[in-house]
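If you want the building blocks of each chain, they are given just below.
2 protein chains.
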Amino acid sequence: MTPPSKLAMVPFVSVANMMRLVHHVGLPVFLAELTQAVTDDFKRWPAFDKTPRVPAHSPGGVIELMPTADDTLYGFKYVNGHPKNMAEGLQTVTAFGLLADMASGYPLLLSEMTLLTALRTAATSAMATRALARPDARTMAMIGNGAQSEFQIIALQAVCGITDVRLFDVDPAATAKVMANLRDTGLNLTACTSAQDAVLGADVITTATADKRNQQVLTDNMVGAGVHINAIGGDCPGKTELHRDIVARADMFVEFPDQTRIEGELQQMPLDHPYTELWQVLTGQAPGRSRPDQITLFDGVGFAIEDFSALRYVYDRASGTDYVENLDFIADPDDPRDLFGMLARAA
Amino acid sequence: MTPPSKLAMVPFVSVANMMRLVHHVGLPVFLAELTQAVTDDFKRWPAFDKTPRVPAHSPGGVIELMPTADDTLYGFKYVNGHPKNMAEGLQTVTAFGLLADMASGYPLLLSEMTLLTALRTAATSAMATRALARPDARTMAMIGNGAQSEFQIIALQAVCGITDVRLFDVDPAATAKVMANLRDTGLNLTACTSAQDAVLGADVITTATADKRNQQVLTDNMVGAGVHINAIGGDCPGKTELHRDIVARADMFVEFPDQTRIEGELQQMPLDHPYTELWQVLTGQAPGRSRPDQITLFDGVGFAIEDFSALRYVYDRASGTDYVENLDFIADPDDPRDLFGMLARAA
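Chains S and R, in that order, are what the protein sequence lines are.
For the first sequence, counting from 1, position 118 maps to 118 in full-length UniProt numbering; every step adds exactly one.
For the second sequence, counting from 1, position 69 maps to 69 in full-length UniProt numbering; every step adds exactly one.
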């Protein structure tokens, strides 16, 4: 059999190669560059074809396709969310994605996105924090010390200059894991015994808890003036993290309102609850933080454009390196009308 | 770096391996088994979650995601259609697909589908022809001798006992290609100089022309009593193949009516034009052919369940063979909460 032609090949970034790429670039630099890539795409928000996620529900969870496109590039992510997986030693969330050329429809890059989703979620929080937190913010509270937490922390260190981190999780072992994982980062880390303890003196509070139900990891009395909150864990219908009173007192910033309405903290608010689209803050079309004592809330649920930015960034960073393998993914007959002949000659 | 765990691996069928698998099984057997797989799934039509295609349009074409699921399996296909690609030596249509486990959301199979789509489209025509053509049908007219045509012919030979094939294409070189490709199949092949010539004496007429516009490759006076028509080429908005009068005279059978309405020959008919859903014929809930002189028309546009069946069939046929490669596709940390630790240990 003749080897497949170059046209048949699609670059693929495996999990192992994504890890190699991140180490090659350096995690803080990777997160800073990715934050810029997401910011660049948010600044041209109207250029994107924005489609709601396409879900397939089962009793155990959901599988979703998240497509978006601009004039030249198309991207989609496949992602599942199955909370019961962890009990069976499986990941709750796995993901992969594809970037394609709009002009020809040909795939440009296939990539693992389990790791990349954690990275882009952290980059998105960093983008929101850079836009909305007080410029002198140096202390962060990280509530929920699961798979997302270290990436959230490193992104805020790299992009926003966070120096002190106060950690809390209902499971002390999760906090101990973060303390161990981040011991060489130069951050001052404090393990706290309650969420109330963790938020003491924090300029930025990031919540990334995992339970699929309405929680109140932050109540109104815990949040002082001038704080910026990234509420990352409330990200599907029926799952919220914050007490309604603190949501009501804060000024809310969102990604794609149609999605935040059904997945974010916005679920618990009336339909006329005011919010600002984050992209408009980034372009200067809407105010972000207007007073030092204002409480700003980024109600992050994750949106397809962030995955698009991540795929675009990895495509730029990995193309032509040995962090990609070429997959024989596209049939490329000598004569496009002769698919059968290609098959016959392969015998 | 430790090698990825078994859980991280997803079986992948490349184009080269799909060709090897087809040759290993034998093309006629592959098509007959695939026809049965599609039929089995059509017979349990109500069990599927049916979602319209999710398109992203550009001036040069369209990229679509086609998902569907039953209680246990999820499948989707990525497919593009870019008519101008051929002039640049690229395929008009390329595709790949994924099968996943609904219970865990974990991918089970990633596969090329450029070749597999041609195979499942032929299998679907064979399913419709077996259900709707006269049992004594032996002669087929194949109008449009492009990339689909040989697969359509072999499927009807394998599944429906077609012995004679009358070929026509506006480009005689395309017909010559089919004559050469099928010379060792035992079929009696006749190259015809017009569509009118090709349909003489044909019991089954399959049209698979490619132009993206309203054509009339078949007019009413060309189609005699008792014929079954597979109209495969009219498969997107603004693209039809048959004269309205022959569509009006035939009894129409469709896949998913919502999609046929905007993509099939049904486009040119009034909203109250009668049709029968093919799955109901296969289950016996609706009549198929009721008279030998009836003209039956399968207005095929391609539906996600056919891709699901094809992925399921390839998964069953290829699992555990060396026609699959394992891709390091899913991050699998020792502790699912410790994605960061997995990354750090890979340094």
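Treat the hints as calculated values from the structure; they're not laboratory data.
One or more of the hints may lead you astray.
Said to hold, decoys possible - Derived, one-sided and incomplete: chain S residues facing chain R with beta-carbon distance under 10 Å: (1) Ala47; (2) Asp49; (3) Val54; (4) Pro67; (5) Leu110; (6) Pro172; (7) Ala174; (8) Ala180; (9) Leu182; (10) Asn214; (11) Gln216; (12) Ala347.
Ideal placement from N, C-alpha and C gives every residue a C-beta, glycine not left out.
Here's how the hints hold up against the structure:
1. Violation of the interface hint for Ala47 of chain S is found here, the shortest Cβ-Cβ separation to chain R being roughly 13 Å, above the 10 Å cut-off.
2. With a least beta-carbon distance of about 6 Å to chain R, the hint placing Asp49 of chain S at the interface is held under the 10 Å criterion.
3. Because the smallest distance between the Cβ of Val54 of chain S and any Cβ of chain R comes to about 5 Å, under 10 Å, the interface hint for this residue holds.
4. The restraint placing Pro67 of chain S at the interface with chain R holds, with a minimum CB-CB distance near 6 Å, inside the 10 Å limit.
5. Interface restraint check: Leu110 of chain S against chain R, minimum CB-CB distance 8 Å, threshold 10 Å, status holds.
6. Taking 10 Å as the C-beta contact cut-off toward chain R, the hint placing Pro172 of chain S at the interface is violated, the least distance being around 13 Å.
7. Because the beta carbon of Ala174 of chain S sits about 6 Å from the nearest beta carbon in chain R, less than 10 Å, this interface hint is met.
8. Taking 10 Å as the C-beta cut-off, the interface hint given for Ala180 of chain S holds, the closest approach to chain R being about 8 Å.
9. Interface hint at Leu182 of chain S: satisfied, since its Cβ lies 8 Å from the closest Cβ of chain R, which is below the 10 Å cut-off.
10. At about 22 Å, the closest approach between the beta carbon of Asn214 of chain S and any beta carbon in chain R exceeds 10 Å, and the interface hint on this residue is violated.
11. For the restraint placing Gln216 of chain S at the interface with chain R, the shortest Cβ-Cβ distance is roughly 22 Å, beyond the 10 Å limit, so the hint is violated.
12. At about 5 Å, the closest approach between the beta carbon of Ala347 of chain S and any beta carbon in chain R falls short of 10 Å, and the interface hint on this residue holds.
Violated hints, in rising order: 1, 6, 10, 11; the structure is consistent with all others.
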